[in-house]
Structures are given as C-alpha cells and as structure tokens.
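A.B. asks: Quick note, the sequences are listed as chains W, L, R, X, Z and G, same order.
Going by this note's numbering, the first sequence opens with residue 83, and the numbers climb by one from there.
Going by this note's numbering, the second sequence opens with residue 83, and the numbers climb by one from there.
Going by this note's numbering, the third sequence opens with residue 83, and the numbers climb by one from there.
Going by this note's numbering, the fourth sequence opens with residue 83, and the numbers climb by one from there.
Going by this note's numbering, the fifth sequence opens with residue 83, and the numbers climb by one from there.
Going by this note's numbering, the sixth sequence opens with residue 83, and the numbers climb by one from there.
Treat the hints as calculated values from the structure; they're not laboratory data.
Some clues are possibly wrong.
Below, a list of computed lysine-lysine pairs in the DSS-like style, where the Cα atoms sit at most 30 Å apart [unchecked claim]:
{"id": "1", "chain 1": "G", "residue 1": "Lys92", "chain 2": "L", "residue 2": "Lys215"}
{"id": "2", "chain 1": "G", "residue 1": "Lys103", "chain 2": "L", "residue 2": "Lys103"}
{"id": "3", "chain 1": "Z", "residue 1": "Lys215", "chain 2": "R", "residue 2": "Lys103"}
{"id": "4", "chain 1": "Z", "residue 1": "Lys219", "chain 2": "W", "residue 2": "Lys133"}
{"id": "5", "chain 1": "R", "residue 1": "Lys92", "chain 2": "W", "residue 2": "Lys150"}
{"id": "6", "chain 1": "Z", "residue 1": "Lys215", "chain 2": "W", "residue 2": "Lys133"}
{"id": "7", "chain 1": "W", "residue 1": "Lys235", "chain 2": "L", "residue 2": "Lys219"}
{"id": "8", "chain 1": "X", "residue 1": "Lys219", "chain 2": "L", "residue 2": "Lys133"}
Quick list of simulated restraints, FRET-style, between CB atoms [said to hold, decoys possible]:
{"id": "9", "chain 1": "W", "residue 1": "Ser236", "chain 2": "R", "residue 2": "Ala216", "range": "30 to 40 Å"}
{"id": "10", "chain 1": "Z", "residue 1": "Ser87", "chain 2": "G", "residue 2": "Ser101", "range": "31 to 41 Å"}
{"id": "11", "chain 1": "W", "residue 1": "Ser101", "chain 2": "X", "residue 2": "Ala120", "range": "35 to 45 Å"}
{"id": "12", "chain 1": "R", "residue 1": "Glu230", "chain 2": "L", "residue 2": "Gln127", "range": "35 to 45 Å"}
Which chain L residues face chain Z? A few, computed with CB under 7 Å, are given here [what the hints assert, rightly or not]:
{"id": "13", "residue": "Asp99"}
{"id": "14", "residue": "Val100"}
{"id": "15", "residue": "Ser101"}
{"id": "16", "residue": "Pro160"}
{"id": "17", "residue": "Ser176"}
Only a predicted model underlies this, so the values are computations on that prediction, with no experimental measurement involved.
All residues carry an ideal CB built from backbone N, CA and C; glycine is no exception.
This is what each chain is made of:
Number of protein chains: 6
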Amino acid sequence: MNDFSHLNAKGEAHMVDVSAKAITTREALAESRVMLSAEVLRQIQSEQLSKGDVYATARIAGIMAAKKCSDLIPLCHPLPLSNVSLDIEPFETSVRCGLLVRARCRTSGQTGVEMEALTAASVAALTIYDMCKALDKGIVIESTRLLEKRGGKSGDWFANEVESND
Amino acid sequence: MNDFSHLNAKGEAHMVDVSAKAITTREALAESRVMLSAEVLRQIQSEQLSKGDVYATARIAGIMAAKKCSDLIPLCHPLPLSNVSLDIEPFETSVRCGLLVRARCRTSGQTGVEMEALTAASVAALTIYDMCKALDKGIVIESTRLLEKRGGKSGDWFANEVESND
Amino acid sequence: MNDFSHLNAKGEAHMVDVSAKAITTREALAESRVMLSAEVLRQIQSEQLSKGDVYATARIAGIMAAKKCSDLIPLCHPLPLSNVSLDIEPFETSVRCGLLVRARCRTSGQTGVEMEALTAASVAALTIYDMCKALDKGIVIESTRLLEKRGGKSGDWFANEVESND
Amino acid sequence: MNDFSHLNAKGEAHMVDVSAKAITTREALAESRVMLSAEVLRQIQSEQLSKGDVYATARIAGIMAAKKCSDLIPLCHPLPLSNVSLDIEPFETSVRCGLLVRARCRTSGQTGVEMEALTAASVAALTIYDMCKALDKGIVIESTRLLEKRGGKSGDWFANEVESND
Amino acid sequence: MNDFSHLNAKGEAHMVDVSAKAITTREALAESRVMLSAEVLRQIQSEQLSKGDVYATARIAGIMAAKKCSDLIPLCHPLPLSNVSLDIEPFETSVRCGLLVRARCRTSGQTGVEMEALTAASVAALTIYDMCKALDKGIVIESTRLLEKRGGKSGDWFANEVESND
Amino acid sequence: MNDFSHLNAKGEAHMVDVSAKAITTREALAESRVMLSAEVLRQIQSEQLSKGDVYATARIAGIMAAKKCSDLIPLCHPLPLSNVSLDIEPFETSVRCGLLVRARCRTSGQTGVEMEALTAASVAALTIYDMCKALDKGIVIESTRLLEKRGGKSGDWFANEVESND
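Extracted from the complex, chain W is given alone in its bound form (with noise of 0.2 Å):
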C-alpha cells in the first residue's frame, strides 16, 4: 500500500476514480516566474508600450494549454472549462526582476483544476522564453507554483505569501 492517490496497491499508475465526487465549482490560482535580465525586461516593456505582441502571445498560449492539460499531464482528468485567464506583469526585486505570469481557471466538476492553472502558467512562462531566448540564453523559470484553490471536499487552499527566491 502507498499513499500517491494516482498509483493502485501495485504502485500502478492510473487515474482516481472521481465519478462519486460532487460536481462543484472549483477554482485554482498559478503563477510562474521568468527571470530576466534587467536588459531584456526593459527591451519587452518597451516593446509592449508600442502594442508589440509578446504578452498577448503568452497569454493566449497558457489559455489554450489549459484546454489541453489532460492531454499532457498522464493522470489529469479531462475537464470542461468554464473560465481561463492569464495575467502577466514586470516584477523587480533588490536582486532579480522578470516577469510574472499568473493564471486562474475555473470550472464545474468533479476535481479540481490545479493542473491546469499550473499548465497555463508554464506554457505562457516558456512562450515568453521562447521570444527571449535569442536576447539572453540563461533565462531561468523560478517558483512555478500554486497560489490558491477553492471549491472540494479538501475546501480552500491559500499559499503562504513569501516571496521566494529573494
């Protein structure tokens, strides 16, 4: 016997049977941090002041990621939607700056959705580096995370605000 609720008595993976659960309404908060260097962070926000498309393409990226959770995390039930929305912001720190990405998702179902706000929050985080990379190889994805989760029968979860990383 083990206690990973994805793994049978034989430590075979499968996915938890949810069909006595309740449909509720659930929802989940994520965030994700890409580390830049002050240079690049400056070069994006500029580029953002002339309408350029590199927060919009992030966006659009973790929200259609979201859609496609279950087809990439094994385990992940397929889950209708009801809301995806991601927000993505500069951040600076005495010692580091970026930018954050955070995504919210929402849903009526059986299980809950913190898969596929973590999903969003990674998808937009690799957009945003996949336009950067040319700019800087080292950027780093620090701190991808869950912030909130609500609705369930574990009820509502709040991560502890530190700031990690600093």
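Given the coordinates of chain W, work out where chains L, R, X, Z and G should sit on it, guided by the hints.
C.D. replies: Quick look at chains L, R, X, Z and G alone, frame taken from chain W:
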C-alpha cells in the same frame, strides 16, 4: 524596429523564417527541479524501490510533450525529433531536496530543440507535481532552464553549473 | 472599458466566465459555400454517382473539426457535443454554382455551439477545396455564416435567408 | 432506411444525437492480447522483474489514448472520463502465450465508454508491439473485444468468457 | 477512372503519394475576409488603438492552425513548416467593410502549402468572428481563397486580383 | 543490459536515437480483421451498395490515425508520411466472416512506418466496430499484424501468408 526574433517591425508575432538555414544536427539539454518536502521525497523513493510508476509516468509524459512542443508554443517550428530521453533523480542540498528532471532532445533540422527540451522537462515536472499533490500542496517547480545547446549557426552553449536556489 | 466579451477592461483576451450560466440545450446551424466552376461541379457529381468519397471525406472532416473547435479557436470553451451532422449538396444560381455545406451542432452546456458549427462547415469546405484544387486553383469559399442559433439566455436567432453573392 | 445508428436515412455518417439521453454512470471493460513468442515473453518478464518500463509505458499510453478516443474515432462523442485504469499481465495457454491488456473506463455521461476502453486496450497493445518489434517482427494482436458494459438504457452486458484463439 | 488526385480508380479517398517528388521550397499566400458592420469595425479599430488583443489573438490562432492543418484536412500531408506569418488589416469598399486576413506559409517539402495557408486564414477569421459575435450575429466570412502559390512542379500561380464581392 | 531497443541499460523507456540513420524510402503494410456475424456483414455490404459511408468513414479514420501515430505511441518518432492508403473488403472463410482492413504507409525518413500502418489498421477497425456495435456487441478484432516492411537497414520483410484464426 526591435531585437525580438519573433516580432516583425510592427511588433507582431510571427514564426521566424528558417527556410534558408542549413539542416544540421542540433541537440539541447534542459532541466527542471521539483522541490519536495523530505517526507514526500522519501515516500517517492520507497515507491520506486517497489517498482512504482512515478518516474516512468513522468518520463513518458516528458517524451510525449517534447513531440507536442510546436502545438503548445505558438511560434515554435514543427520538428522531426530523432531522439528524446528523460532522466529523473533525487537531489539533496543542505537546505532543500526534491527531484531533478533532465530532458535531452536531438533533431536534424533547420532550427534548434531548446524549446522541446524545456517543454519535456516542464511537463515531466508537472506530472510529478500531479502525482504528489495529494501529499503536499506546497510543491514548487524551480530552475526550469537550458543546460546545453549544440549545433546550429550560433554554435555550442553551456550554462554555468551553479547550483541555483541554495 | 469595451464591448468585447472576450477582452477584459485592459483589452486583454480571456475566456468568458460561463460558470454562472445555466446548463441548457443549445443548437447552431452554420453554412459555407465552395464556389466551383460548372465543369468541376459536374465531375464531383459524377464521382458521387459512382460512390466516390468526396462528400463522405468532407462530412467526416467537418464532424471531427467540430470536436476540435476549442483547440483551434483560442477563447472557445471545451464543450461535450451531443450531436454533429453535416450536409453537403450542390447548388446553382443564375451566375454561380458549387457545393453548399451545412453543419448542425447540439450540446447541453453553459455556452453556445455557434463556433463549433462554423468550424465544422469551414473545415468541410476546406476539405472539398483540397480534393478539387488539382482541377481548379481558383476555387473560393464564400458565405461562411451562422443560419440558426437556439437555446441559451439570448434566445433563438435566425439569419435572413437571402441568397448572398448572387 | 438502415439499422446503423451512425448512418442517416441516406446512408451518411453522423454522430448519434444523445441530447435526450439521461446522464448516468457508465462503465466498460475491454481487452486485447499481444501474442508473443515464449522467448520474447520471457525477456519482458525478466525486464519487469528488474523494474523496466515496458508495462508502465503501455499503461500510460492506454490511459492517454482513452482520453483521445473521440479525436480518433470520427463518430464518438467527447466524454468527461471519470476513471481509466489499465492492467497488463502475462498469459499462457497450451499453445500460445503473450500479454493480456485490460482497460476499464468509467464516465457520468449520456453515452457509453465502450470505444474508450477498446481504444485504450488497442493503443496499449500497439505500444507493447512497438517496444518488442525489434525482437520479433511476427507479433500479432488478437482478440480486441469488449468484456463488460454497465449502465445506460440497454443495461449491463457481459461477454462469454470463452478463451478465444486456443 | 477520375480526375481527382485524392481518389483512386475506385473513387476511394487516399493521400496522394508524394514520395517521388523533389524537396523544394514552396510558398503560398491565402486570404479570408470577415465582413463586419461599420460600427463593429470601428469598435475593433478603437480597441486596437488602445492595444487590445483582437488582432494578436487572431494572428496566433492562425499560426497555430497552420501547424494543425494535416490534423484537420484528412488527406493533407504533414509538413515541416519553415515559416508562417499572418497579417490583419481593415478594408473598406463602397458597399462593405471588414477585416482582411492574409496568411503566408513556407516549407521545404515534397508538396505545397496551399492548404496550410488557407487553414491559417480561415481559423484567424473564425477567431475574429468569435470575438465579435456578441456585438453582431450577422457576421459573414467571405472570399477564402488562394492568392499566390510558388514552387513545386506546377510552378508559380497568382490569382486575378479582382476585388470580389463588391 | 537488455535487448529492448526502447529501454536503456537501466530499463528506462526512451526514444531510439535515429539521428545517425540514413534517410531512405520506407514502406509498411499492416492488417486488422473485424470479425462480424454473417448478418451484420450482409447489412454492411447492402449499405455499401447503396453508397453508405461505412467504408469511407473507416478509411478516413485510418488515414488520420496514421498521422497521429507518434502522438499515440509514446516512443514513436514523428515522421513526414508521404503516402497513406487504406483498403477495406469483406472476407469469408469456412467458419468466419468479417471485414479485412489493410493499411499501407510510406515515408522518406530515418525510421520505419510499421507502427503508422498498424495504428491506421487498428483505428479503422475500431471505427467499423463503433458503427456496428449497436447491431452486435460481440464483435472481435483479430489478427492486427504487419504484412510487409520495405526499406531501412534491416531490409525487406514479409509475413507468412497463413490464414490465421481459421
């Protein structure tokens, strides 16, 4: 005008035209770190000892994600990957522990496979997250980054092997 | 502020939040017209008489495209379609001729299936184009539009049945 | 007129309209048999003993294929699967041996999951084939069939448990 | 026998065998016109002025659809696209107005990219439709057609630049 | 160490590295047999006589599945297929009858197309199953196997043409 290879002079997103580039062997190695509590890491390792599917599921998810990269990242070119391999192992530093995911991709093509390797590492990390999230909601994925890039016009490149996040 | 349901107050694309909407039966009928020379139309009809696969291939392509709609249109919600049917028939007016494609979709869901029906009609039309393009490079697809929409809060809607393009 | 639920009166393929059907719990169990030489079966079993990924890869492939069923089978409805599990084990009769793949799917929906279970079993069997084909080009997949079907208007159904192919 | 390259002598659909064709650079330019009321067009243009995502979302959708072409059009060959770009701009004639979508695709391959360009233009047009449909249910997509085709055995081809639909 | 080309020395699944292999023309022919009752077979044949879509739907499903092979079989390489054709015909032996599906695939690539042909035959067979399952729940798919393989380093290979299962 701008410095972004994926934006035209008007700031609009487009695929980079690679039709004039030579077909050469290109390779990339990327990593992602799933930060876990010592207790969850211990449970995963004991699962692996008894042949549980955690690592195998994440490896397969990463390999399949590499093949879907151009379907996820809007401006990536479709590429005929000739090789994808995933490597997962536990790591421990003085203050943190978790699973280190490394993904290596290779192609004979007109453009590099950095995004394929980064996508593979990210999705394998998200798959581990998914299988462990019932044990620990505070898992964070750190340090998704490129380690090596070989081939192509810009030549070989290697990341500084600093242990980030310690 | 703006009037676009898919843009937030900052003008950023997002999925419309449908989580508060009622689940009701929704239906849509859309069409697309493949304008062909009289000679190509005659060849297709003679193919159909001898059981050629032109119509069947286009019908199947349309049905499968309806199921991929949310994967193609970035802000569309994934929907559990309960019915898709495609109808293809020749049409002829005093000055033009071709094939008329009509797609009908139905769901029990929180949002309508207009885009599913329009996507089905468009992809079926493109499939006909593909099979005929060796015979005529000047094929044009006209009049891709919604004909009917039933169910949902905004109620039923019917297009004016004018014969466009004549 | 005809007796095919997926053909209309004109013989044209369409999705069956399930919008009037009740949402009930539906389940299906299907199997597929990969016929192997005794030598290849011995090698697979010895691989499994040393924790090789053969079974795990096939299980993951089957689970992911169940989720892609409506994308593969043109007239299948998209369904929110609530459970998929795959089971692989060696079998031996007096004259044949190989691996038996069984796939179980469950949903709360308006139509059954027979095709999902059959697709999962078939793709898991093909994945085993792929991993063994360098050892034996003469592998044959036999007996892909439904074993059980529960729920829905037509009620429960069970296959005769004859050992086929002996 | 028949003249359809995609039907065999029995009238059955199949992919054209391109294995004997030379790998050459091939390019195609296609367009689609989204007919809008003057009022909706004005609102879109004012959104664009304030950096709204309408055009960007449609461009990204078109680029991603070009990469999915062989997944949508049953008899299309999978192709390694080396370039895709989308261009959207308002147009106005004496009697109509709307948005003109142009899609350009390029490959080094054994077959042309006409369907990729047409699919990109169609899906970008459908994406505009989706974002504007709450403002106007009577939107029509007209004139989806090929404008240019370069490379391959049959050589270059250009459409007559008549302003259709006026 | 092991003999499985898709497992590394540790028994972990990976894609075989084909980057050093020559690009040559490769071809494969595979089959699958859908065993039907004489009554169901009679109904299908009478449907086909009146131009029903059964065979056409299965052919299109098979062709599209060949293009999705690397998305389904975890360790398959993505390949630019240059040709796919499907052939369906009734067969009858002294004790059994049904439909015989044969799929032929061709590519110029670094690895073979056996899995593409087997996937095409399997999915076409499952599509026939889907369309007939309301008539007969006891349908079985037998004898999914490779018939021919041409090209590549290991040379040509042909199955023994025994009539299996009789």
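A.B. asks: Holds or violated: G/Lys92 and L/Lys215, Cα atoms, limit 30 Å.
C.D. replies: holds, 27 Å
A.B. asks: Look at the Cβ atoms of W/Ser236 and R/Ala216 and judge whether their distance stays inside 30 to 40 Å.
C.D. replies: Since the Cβ atoms of W/Ser236 and R/Ala216 sit about 59 Å apart, the hinted range of 30 to 40 Å is violated.
A.B. asks: Is the straight-line distance between the alpha-carbon of Z/Lys219 and that of W/Lys133 30 Å or less?
C.D. replies: holds, 29 Å
A.B. asks: Indicate whether the distance between the beta carbons of R/Glu230 and L/Gln127 respects the range 35 to 45 Å.
C.D. replies: Given about 60 Å between the Cβ atoms, the range is violated.
A.B. asks: Against chain Z, with CB atoms and a cut of 7 Å, does the hint on L/Ser176 hold up?
C.D. replies: Not OK, violated: L/Ser176 not within 7 Å of chain Z, min 44 Å.
A.B. asks: Given the hint that G/Lys103 pairs with L/Lys103, does the C-alpha gap stay at or below 30 Å?
C.D. replies: Holds, at about 21 Å.
A.B. asks: Given the hint that R/Lys92 pairs with W/Lys150, test it: the Cα-Cα distance must not exceed 30 Å.
C.D. replies: holds, 26 Å
A.B. asks: Below or equal to 30 Å on CA atoms is what counts here, so check Z/Lys215 against R/Lys103.
C.D. replies: holds, 18 Å
A.B. asks: Would the hint linking Z/Lys215 and W/Lys133 be met if the CA-CA limit is 30 Å?
C.D. replies: Distance of about 24 Å is within 30 Å: holds.
A.B. asks: Straight-line Cα separation of X/Lys219 and L/Lys133 no greater than 30 Å?
C.D. replies: With a Cα-Cα distance of about 29 Å, the restraint between X/Lys219 and L/Lys133 holds, given a limit of 30 Å.
A.B. asks: Regarding W/Ser101 and X/Ala120, is the given constraint of 35 to 45 Å on their beta-carbon distance met?
C.D. replies: Since the Cβ atoms of W/Ser101 and X/Ala120 sit about 40 Å apart, the hinted range of 35 to 45 Å holds.
A.B. asks: Given the hint of 31 to 41 Å, is the C-beta distance from Z/Ser87 to G/Ser101 inside that range or not?
C.D. replies: Hint holds: Cβ distance 34 Å, inside 31 to 41 Å.
Violated hints for the displayed structure, listed by number in ascending order: 9, 12, 17.
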